[in-house]
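Participant: Following the hints, complete the assembly by docking chains B and C onto the known chain A.
If you want the building blocks of each chain, they are given just below.
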Amino acid sequence: MLVLASAGVVGACGGESGPPTLTWYTNPDDGGQARIAEECTQEADGAYEIEVSVLPRDASAQREQLARRLAARDASIDLMSLDPPFIPELAEPGFLAPVPQDVADRVSEGVVDGALVGATWRDELVTLPFWANTQLLWFRTSVAEGAGLDMSAPVTWDQLIEAATTQDAYLGVQGTKAESLTVWVNALVESAGGHVIEDPEAEADDVALGLESEAGQEAARIIGEIGSEGLGGPGLPTADENASLTLFQGDRGSFMVNWPFVWRAMNAAVEDGALDQAVLDDIGWALYPQVLEGSESRPPYGGINIGVGAFSPDVDLAYQAAECIVDPAKQAEYFVSDGNPPAASAAYDDPEVQEAFPMADVIRQSLEQAAPRPQTPYYNEVSTGLQETWHPPSAVDPDASPGRATDLIIAVLRGESLL
Amino acid sequence: MSTLTGRQKAGWAVITVLVLVYALFPVAAIAATSFKRPSELNQGTFLPQSPTTANYEQILVGGAQELFLSALRNSIGISLIATAVAVVLATLAAYAIARLDFPGKRLVLTTALGVSIFPVISIVTPLFNLWRSIGLYDTWLGLIIPYLSLTLPISIWTLAAFFRQIPWELEQAAQVDGATSWQAFRKAIVPLAAPGVFTTALIAFFIAWNDFVYGISLTSTEAARPVPAALAFFTGASQFEEPTGSISAAAVVVTVPVVVLVLLFQRQIVSGLTQGAVKG
Amino acid sequence: MTAASTPAGVGAPGSGKPSGQPGRTAQEERAHRARGGPRQDAERSDRARAEARLGWYLAGPAFVVMLAVTAYPILQAVYESLFRFRLTAPDEREFVGLENYATVLSDRVWWADLGVTAFITLVTVLVELVLGFALALVMHRAVTQLRGLLRTAILVPYGIITVVSAFAWFYAFDINSGFVNSWFSWVPGIDEDLNWFAGQGTSLVVIIASEIWKTTPFISLLLLAGLAQVPTELEEAAEVDGATWWQRLRRVVIPNMKAAIMVAVLFRALDAFRIFDNVFIMTNGANGTEVLSLLAYRTSIGRLEIGLGSAISVLLFVCVIAICFVAIKLFKVDLAGARGEK
Chain A
1 MLVLASAGVV
11 GACGGESGPP
21 TLTWYTNPDD
31 GGQARIAEEC
41 TQEADGAYEI
51 EVSVLPRDAS
61 AQREQLARRL
71 AARDASIDLM
81 SLDPPFIPEL
91 AEPGFLAPVP
101 QDVADRVSEG
111 VVDGALVGAT
121 WRDELVTLPF
131 WANTQLLWFR
141 TSVAEGAGLD
151 MSAPVTWDQL
161 IEAATTQDAY
171 LGVQGTKAES
181 LTVWVNALVE
191 SAGGHVIEDP
201 EAEADDVALG
211 LESEAGQEAA
221 RIIGEIGSEG
231 LGGPGLPTAD
241 ENASLTLFQG
251 DRGSFMVNWP
261 FVWRAMNAAV
271 EDGALDQAVL
281 DDIGWALYPQ
291 VLEGSESRPP
301 YGGINIGVGA
311 FSPDVDLAYQ
321 AAECIVDPAK
331 QAEYFVSDGN
341 PPAASAAYDD
351 PEVQEAFPMA
361 DVIRQSLEQA
371 APRPQTPYYN
381 EVSTGLQETW
391 HPPSAVDPDA
401 SPGRATDLII
411 AVLRGESLL
Chain B
420 MSTLTGRQKA
430 GWAVITVLVL
440 VYALFPVAAI
450 AATSFKRPSE
460 LNQGTFLPQS
470 PTTANYEQIL
480 VGGAQELFLS
490 ALRNSIGISL
500 IATAVAVVLA
510 TLAAYAIARL
520 DFPGKRLVLT
530 TALGVSIFPV
540 ISIVTPLFNL
550 WRSIGLYDTW
560 LGLIIPYLSL
570 TLPISIWTLA
580 AFFRQIPWEL
590 EQAAQVDGAT
600 SWQAFRKAIV
610 PLAAPGVFTT
620 ALIAFFIAWN
630 DFVYGISLTS
640 TEAARPVPAA
650 LAFFTGASQF
660 EEPTGSISAA
670 AVVVTVPVVV
680 LVLLFQRQIV
690 SGLTQGAVKG
Chain C
700 MTAASTPAGV
710 GAPGSGKPSG
720 QPGRTAQEER
730 AHRARGGPRQ
740 DAERSDRARA
750 EARLGWYLAG
760 PAFVVMLAVT
770 AYPILQAVYE
780 SLFRFRLTAP
790 DEREFVGLEN
800 YATVLSDRVW
810 WADLGVTAFI
820 TLVTVLVELV
830 LGFALALVMH
840 RAVTQLRGLL
850 RTAILVPYGI
860 ITVVSAFAWF
870 YAFDINSGFV
880 NSWFSWVPGI
890 DEDLNWFAGQ
900 GTSLVVIIAS
910 EIWKTTPFIS
920 LLLLAGLAQV
930 PTELEEAAEV
940 DGATWWQRLR
950 RVVIPNMKAA
960 IMVAVLFRAL
970 DAFRIFDNVF
980 IMTNGANGTE
990 VLSLLAYRTS
1000 IGRLEIGLGS
1010 AISVLLFVCV
1020 IAICFVAIKL
1030 FKVDLAGARG
1040 EK
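Chains as they are written, first to last, in our numbering: chain A, 1 to 419; chain B, 420 to 699; chain C, 700 to 1041.
Since the hints were made in silico from the structure, they are not lab data. All of these numbers come straight from a predicted model, not from anything done at the bench. It is possible that some hints are incorrect.
From chain A, some residues computed to sit far from chain C (all C-beta separations above 12 Å) [to be verified]:
id: 1; residue: A72
id: 2; residue: G148
id: 3; residue: E293
What follows is a list of derived Cβ distance ranges for each label pair [as the list claims (entries may be wrong)]:
id: 4; chain 1: B; residue 1: L439; chain 2: A; residue 2: E43; range: 27 to 33 Å
id: 5; chain 1: A; residue 1: E43; chain 2: B; residue 2: F617; range: 53 to 59 Å
id: 6; chain 1: C; residue 1: A801; chain 2: A; residue 2: E162; range: 49 to 55 Å
id: 7; chain 1: B; residue 1: P470; chain 2: A; residue 2: D105; range: 54 to 60 Å
C-beta: ideal position from N, C-alpha, C; glycine also.
This is chain A alone, in the form it adopts within the complex (with noise of 0.2 Å):
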């Protein structure tokens, strides 16, 4: 195969003096990537070095310049951090390096469901399952209180909406033109029962859309009602995470749906002065919310995967090395120092884990439920077709976006239309 000859003639150039080292392409993290990969380094006791340089901050910009580089054949990827939704686009054209089956069976042990799926295409695993993201609801008791809510039995976006009215409050979702989007309109696809794509592994020109279903409707009521009713504030249709976030600790901050770093920066903020003790002790979280009431939510599922690229001449090194990062003691670690949950389901029982994040186990649960996003190689497109058709929220429409999205979509996965 041609990819293995360029990629065995480029090792044989790479007979530097001392250990091999290798480049590991995380995504910005508070430093904790960086010191794992010192840590892996002392480990491996001269077998190799890894070196770390950092990817942008946004995920659809770190795929961009991953598949970019692996499309040119880069011998210089071994290690990347990958978000899983774009992993297959870099796993179909065989640019990731196939696991070997017993790091896969050491791996895949005792890790979350909606990890393992993350990591698999067409019923391989093809990376390493490294930390879990999962988004929680997030609430001011005193709101919930006053709204009347029971916040220890599984709550529903139409009583959140309610509560927002009655309390006069804000909710605090991602409406930005961005990835964050796709992740709201998928969870809430999902958690009504369908499915954004059917038929994640079809070819570009067969690929059957699910949101002109009763769920994709569902959706696109919650989120239509949402933005057309102000309720996520006149910020909506910019916000990201760390915007809701803003408007969650400000006065008429309700509930919000956000990934656990918000637990983190929420308690730098109190120390930084930032932020009253008093809102931090307000705030409590549960599941996500569901979209049908007495149907179990399926919670956005997002975190990093390790990847080893096929071109990389020292692959079984990086096989080894990426073990040594997704080791579960170093998942704990990093979870507390960096905020980013585990993807083992052991590290979750972490006496320090559970110290620093009360709501450990709501994540390990939420992570059980979770639904990742699609698993296509044109996630890409689908995404970006979706937040084209569906943002800004005030404009979703329940009998008019579902069908806007899907003949979109077809038409670009067949080089008919732009996006």
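Facilitator: Coordinates of chains B and C only, in the frame set by chain A:
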């Protein structure tokens, strides 16, 4: 110039203030933001309440140091080289255009004009594709070459305009003294042309320094990523948190040299950009 | 995008001249030489040949480099635009002829983006022309003590990185971190809850404002050059004749700097048409603010659809050529007119 009346003086004072506010206010705004604490970012005020240098520490000695300093190094290095190459090539070309009569002179000038209006984005795709197949992707050279398309045309035009004003007789005098055309160029013209060349270099440097499209499209690591592209890579405490403070601080750091250069050389820059027309 | 804005400066020194024709020097030179006295024809042609050779030796490298960095890639783009080719599916490359062009030109997105781009171009150029003229007048008339200060201030936006300017404007208007809403809440339509980047109109206002701020200094420098061409005697004569300030401006100053104005407008228009940085930073094309450069970028660099992206690139190039062609036609007429007056 006749002395100004009191009313005129007041008028000029108002005008000066207006111009200063216009030109400097956005710079002041981002500078103010760069001194804010995270907690002050969302308060909707212009000035920070308790200014902090934490953002500068973050990019210069802290967590974002590697990202920012390597980008700064890349930007300076790549822009300087692209400027130097462009100015050398342009000096030769502009001399020929201003002093010599040769067929195709207009073709050179028209080409320069054509290149300068070229939509950069149009050649990014093919360059990206070519670079990745010949290994120039994410290298200094891979940016220097396209930067020449930005710096070379303006250098040729600016220098040609400068050279046209250099007293023609000096070169002839040198030639009469037995110098060849090349010697005449070196001995008689270069000293006179040096200020023009310097000005041209300044203008060309600003352009290379400003590039964003090539910077984000043709690089992917700290090996070659220039500052404007790196601004999109800063991160807060987690990847979901806005790095407003770091970006503002980095923006100020890269703006300071511009302001200094402008302060020192405003006369030259203005004359470089207007010269041909003024004296034409 | 101001990487572009400055090459526009290029046009100024040469074409801003009253003659506007680079060839003029050659004519002068020939005239000069003819006056130089009788010479042998053979010697002359030898000399001319040597000069031509030297000319190409000197100008050749720059010429070749310029062609290599633009002509070659654009030809490559033309070639690649004939294929359906996606980088992440390298094996499915397929020749499709002009299909990519048909796809682009029949798509609403292309025309919408073209409209936005044209709108931004039109508004920025018009506003900048007026504002730039005012700044040029200020620089031109200022007393010596103020001149340095004013010029320095005006050059700051010119030298600043476009991305930095985009962030500065973005943060100022952003609903969370901005101060504009609280400062200008007395203006009807602006209040604390105004999200500038949520709608097309308001987003475009900020994008255009930042573009104007950043590039007006450039246009004002070109106009300053034009102002310096206006013969002072004419203006003084008009003043003696009792013409008001406004009359002098309209009847004497502006007609005399028509050439400079045309050059400035043409280059700024071509430059504004390539706008990218501000939009990328502020909205990334949301709310109907996508411009053609961003569409080309997203298609080829973001989606890695090289074929489709190349087609957009080529079409964008054709647009620029078209603007240039139309403008130069107009411009030439004006130039001739300007020359006729002298």
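Participant: It remains to establish, for every hint, whether it holds in the given structure.
Facilitator: Structure-based check of all given hints:
no.: 1; hint: A72; in the structure: 8 Å, violated
no.: 2; hint: G148; in the structure: 28 Å, holds
no.: 3; hint: E293; in the structure: 32 Å, holds
no.: 4; hint: B:L439 to A:E43: 27 to 33 Å; in the structure: 59 Å, violated
no.: 5; hint: A:E43 to B:F617: 53 to 59 Å; in the structure: 55 Å, holds
no.: 6; hint: C:A801 to A:E162: 49 to 55 Å; in the structure: 50 Å, holds
no.: 7; hint: B:P470 to A:D105: 54 to 60 Å; in the structure: 56 Å, holds
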